[in-house]
Amino acid sequence: MQDDPPVPDGVAVVVDARGSHCPGALMELIVALKHARRGDFLLVLADDPGSAREIPEWLAKVGQRHVSTRSEQGILHIMVEKTRG
Amino acid sequence: MRIMIVGAGIGGTILANRLARLLAPELQRGEVDVVVLSASRTHLYQPGLLHLALGQTTVEALHRDPRTLLDPRVALLIDEVLAFAPDSKQVRGTSGNAYSYDWLVIATGSRVTPEEVPGLAEHAHGFYTEAAALRLARALQNFDGGRVVVTTGVPHKCPMAPLEMTFLLHDLFVRRGIAPRVDLLYTYPIGRLHSIEAVAEWARVEFARRGIRSATYFNIASVDGATRTLHSEEGLSVDYDLLIAIPPHRGAEAIERSGLGPRGWVPTHRRLLTMQGRDDVFVLGDTTNLPVSKAGSTARFQAEVIAANLASRVRGGGDTHGYDGKVLCFIETSRDRATYAAFNYAEPPHPRAPSRAIHMAKTFYHRLYWSSLRGFP
Chain A
28 MQDDPPVPDG
38 VAVVVDARGS
48 HCPGALMELI
58 VALKHARRGD
68 FLLVLADDPG
78 SAREIPEWLA
88 KVGQRHVSTR
98 SEQGILHIMV
108 EKTRG
Chain B
3 MRIMIVGAGI
13 GGTILANRLA
23 RLLAPELQRG
33 EVDVVVLSAS
43 RTHLYQPGLL
53 HLALGQTTVE
63 ALHRDPRTLL
73 DPRVALLIDE
83 VLAFAPDSKQ
93 VRGTSGNAYS
103 YDWLVIATGS
113 RVTPEEVPGL
123 AEHAHGFYTE
133 AAALRLARAL
143 QNFDGGRVVV
153 TTGVPHKCPM
163 APLEMTFLLH
173 DLFVRRGIAP
183 RVDLLYTYPI
193 GRLHSIEAVA
203 EWARVEFARR
213 GIRSATYFNI
223 ASVDGATRTL
233 HSEEGLSVDY
243 DLLIAIPPHR
253 GAEAIERSGL
263 GPRGWVPTHR
273 RLLTMQGRDD
283 VFVLGDTTNL
293 PVSKAGSTAR
303 FQAEVIAANL
313 ASRVRGGGDT
323 HGYDGKVLCF
333 IETSRDRATY
343 AAFNYAEPPH
353 PRAPSRAIHM
363 AKTFYHRLYW
373 SSLRGFP
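As given, the protein sequences belong to chains A and B, one line each in that order.
The numbering used here numbers the first residue of the first sequence as 28 and each following residue consecutively.
The numbering used here numbers the first residue of the second sequence as 3 and each following residue consecutively.
If we strip away everything but chain A, and leave its shape as in the complex, we get (with noise of 0.2 Å):
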């Protein structure tokens, strides 16, 4: 596993999850969002399958915008943008 993944260009904040059972990549994410400027752009990386779900759901609920989910080499790449608050 690579240990510090690089920060892609546009990207704000990336939420390393991989690994990570608890607390999980959208309570990682959560924090992450609520600590962003409006614009910014974060990208999650999880190995746990529901992150695949979970976190458009949760996006659609609070009206933060999901711009794509895929994967590559069994990690999960969720980019996110923070449109309000």
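Source of the hints: derived by calculation from the structure; they are not laboratory data.
There's no promise every hint is true.
[As the list claims (entries may be wrong)] BS3-like mimics (lysine-lysine), calculated; alpha carbons at most 27 Å apart, straight line:
{"id": "1", "chain 1": "B", "residue 1": "LYS159", "chain 2": "A", "residue 2": "LYS61"}
{"id": "2", "chain 1": "B", "residue 1": "LYS159", "chain 2": "A", "residue 2": "LYS88"}
{"id": "3", "chain 1": "B", "residue 1": "LYS159", "chain 2": "B", "residue 2": "LYS328"}
[What the hints assert, rightly or not] Every beta carbon over 10 Å from chain A, so not counted as near; a handful from chain B, in silico:
{"id": "4", "residue": "ALA77"}
{"id": "5", "residue": "ARG94"}
{"id": "6", "residue": "GLU117"}
{"id": "7", "residue": "SER239"}
Yeah, the Cβ is synthetic: ideal placement off N, Cα and C, and Gly gets one too.
Given chain A's structure and the hints, the job is docking chain B onto it.
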């Protein structure tokens, strides 16, 4: 050479004692010092606060003088950190003193910040500080029925505590004969009852069996004390008669003040536990920004890794150990049953069914806590 450990909680204490054993010859020859800098003259057994709030233990049982927990070869200084100055390899205290080091370990833990949520500090009970736990104990003593809401902010330490508190409250209300008059509601920030899916599924069944209600995807937005209403970021509102909150947490103020990490969490290498970009600074326990549980067992397992690598470095070697994300948490499900979850970066947890035997093991651990800090040869 000086190893300075800032913080005398579970992680800092175990690390110092382990270093004293590993580096016994060097300490005896005066080649190395192990110094613990503590902001407090007392070591608080934090898992006991849950039981203090429920009237099951006393304040005195939760405290020890940190000096009595440390190996005599470890120096203890009492001073609160004002600022970390890694460029000059110094830590500055509020006393005005500056402390130099060769290697630094930051183990300053976390603190609750209810003030981040409007109304939370003023209107919610808690059990993550001694004062809050005592106040909740008094409120519970006088409570005779109504709606009790247990709600959780993020991030928070001791991730099993919200569920444990809920189960033990239900147990308390049943024993006092007021359960039929109590509506117990548990809220959680994500879409299930706990981060760990197996724990969440087990809790779902147990909640149904006990008549405990729940609301998921519930992140605390504000508390209105006048109407006794709790509002969520997701647009839900619930009324309460007694509100018990696990507030959001931050790391030590000195970390934020020194620019070492946003909100007091220090960016940390996930295996070596060194501060990102600083090979001479290690980070231990709650203080890391790692995506692992902020729990005593985490600090305990991390202390073993840091002790081994520091001992190797003192002797001119390289890092020999890596942290694998290991965490082990007990979960009290009633007064006489418990289970546990053990996991690491690679292996998810598979909790067993709660049993009396596991409850006994946890009770035994409570009693062994003080001895376990000193370590076993």
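Hints, one by one, checked against the model:
no.	hint	verdict
1	B:LYS159 <-> A:LYS61	18 Å, holds
2	B:LYS159 <-> A:LYS88	25 Å, holds
3	B:LYS159 <-> B:LYS328	15 Å, holds
4	ALA77	33 Å, holds
5	ARG94	27 Å, holds
6	GLU117	14 Å, holds
7	SER239	14 Å, holds
The structure is consistent with each of the numbered hints, conforming to all of them.
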